[in-house]
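Participant: Take 0 as the starting number for the sequence shown in numbering that gives the first Met the number 0 and just add one per residue.
Just so you know, not all the hints are guaranteed correct.
Unchecked claim - Think about it this way: if two alpha-carbon atoms lie no more than 20 Å apart in a straight line, the pair counts; the simulated DMTMM-like pairs of lysine to aspartate or glutamate are:
| hint | residue 1 | residue 2 |
| --- | --- | --- |
| 1 | 119 | 77 |
| 2 | 119 | 107 |
| 3 | 15 | 47 |
Unchecked claim - Here are the computed distance ranges between Cβ atoms for each label pair:
| hint | residue 1 | residue 2 | range |
| --- | --- | --- | --- |
| 4 | 243 | 266 | 36 to 44 Å |
| 5 | 266 | 291 | 17 to 25 Å |
| 6 | 72 | 209 | 37 to 45 Å |
| 7 | 249 | 90 | 22 to 30 Å |
| 8 | 269 | 294 | 43 to 51 Å |
| 9 | 242 | 72 | 14 to 22 Å |
| 10 | 106 | 178 | 19 to 27 Å |
| 11 | 212 | 258 | 27 to 35 Å |
| 12 | 178 | 240 | 24 to 32 Å |
| 13 | 106 | 19 | 22 to 30 Å |
| 14 | 178 | 108 | 57 to 65 Å |
It should be emphasised that the hints constitute simulated quantities derived from the structure, not laboratory data. What you are looking at is a predicted structure, and each value in this text was computed from that prediction instead of being measured. Ideal placement from N, C-alpha and C gives every residue a C-beta, glycine not left out.
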Amino acid sequence: MSAYPRTASSHADQRKPLTLPALAAMRARNEPIVMVTAYDYPSAQIAETAGVDLVLVGDSGAMTVLGYPSTVEVTVDEMLILTAAVRRGLRTPILVGDLPFGSYEISDAQAVATAQRFVKETGCAAVKFEGGHPEAVQRARAMVRAGIPVMGHIGLTPQTATALGGFKPQGVTAQRASAILEEALALQEAGCFAIVFEAIPTEVTEIIMTRLDVPVIGIGAGPATDGQVLVFHDLLGIYDGFKPKFAKRFADVRRAMTDAMNAYAAEVRTGVFPGPEHCYHIPSGELAEFAEAAGLVPGDQGACNSPQHEDSTPSAAAKAPSSTAELQAETTSTPDTLIGK
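Taking the hints into account, I'd like the entire structure generated from these sequences.
Facilitator: See the structure below:
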């Protein structure tokens, strides 16, 4: 399979890479923060081009990319591969790696070791983890003390959704809302630079926001948060699995991809693809010499010169290089030029 060398992307706005102090400054200015998930190089490039502020390589990739039934099954090694791929596609946004289930709960040492792997092996700027109970807060404190920026995550925590009664809003009672407030304050005190609020009633979020100083990124937590995050495959309409209430679709990319794939398959099966514009040619003299050596008579050169294509592009044969010099000129073109031939 072919893959041409990558060329440097142009960044129209030439933004400088965002830093954690700059993120805090955005909150102070009441400037909305945009965060999105990404799981590979192409999705990272799209996030970069769109000018988002933070990119999270979420464990949701277990379901949207790796095909697991939940986020619980994904491993540290799998998350490291996804995060490293995203790093290669980003220049400006802050990259956050998501610590998967079972990689930080046992002890402070385990949490620090896992977080260090993410930072060292993927180049991410920070890590995210779930939970606001006392043990989770202690893990956050340990990672921060080890010099690793940490993003918290409270409310609906998918890794432990079963214990919470399933994928449903959290903080719908006064008692549970008070618990979420205490968790948020504890994570802030532990040194988290930001906190994700997931599936929390808007009214509860509004009250808690008055008590916090760090940026809060909401996903199903209403408009009062400092920013919003959505899953890449949800907002683009790629994932066909469970769609939560808060996941607004801004496009139907899955349909467009399916339509394109169907069109490709149809053209292959009917002989329309590849056409003359997709073929390379050998100079006629070289072809005659090769055919003679192979014991063949020049003539049928395949689908690219078949009647159905010649009818639609009668000058295609004339475009074939007639000399070795012309062939060399074609094959030494830049990758971008060669793709268009």
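Participant: Where does the structure disagree with the numbered hints, that is, which hint numbers, in rising order?
Facilitator: 5, 8, 11 and 14
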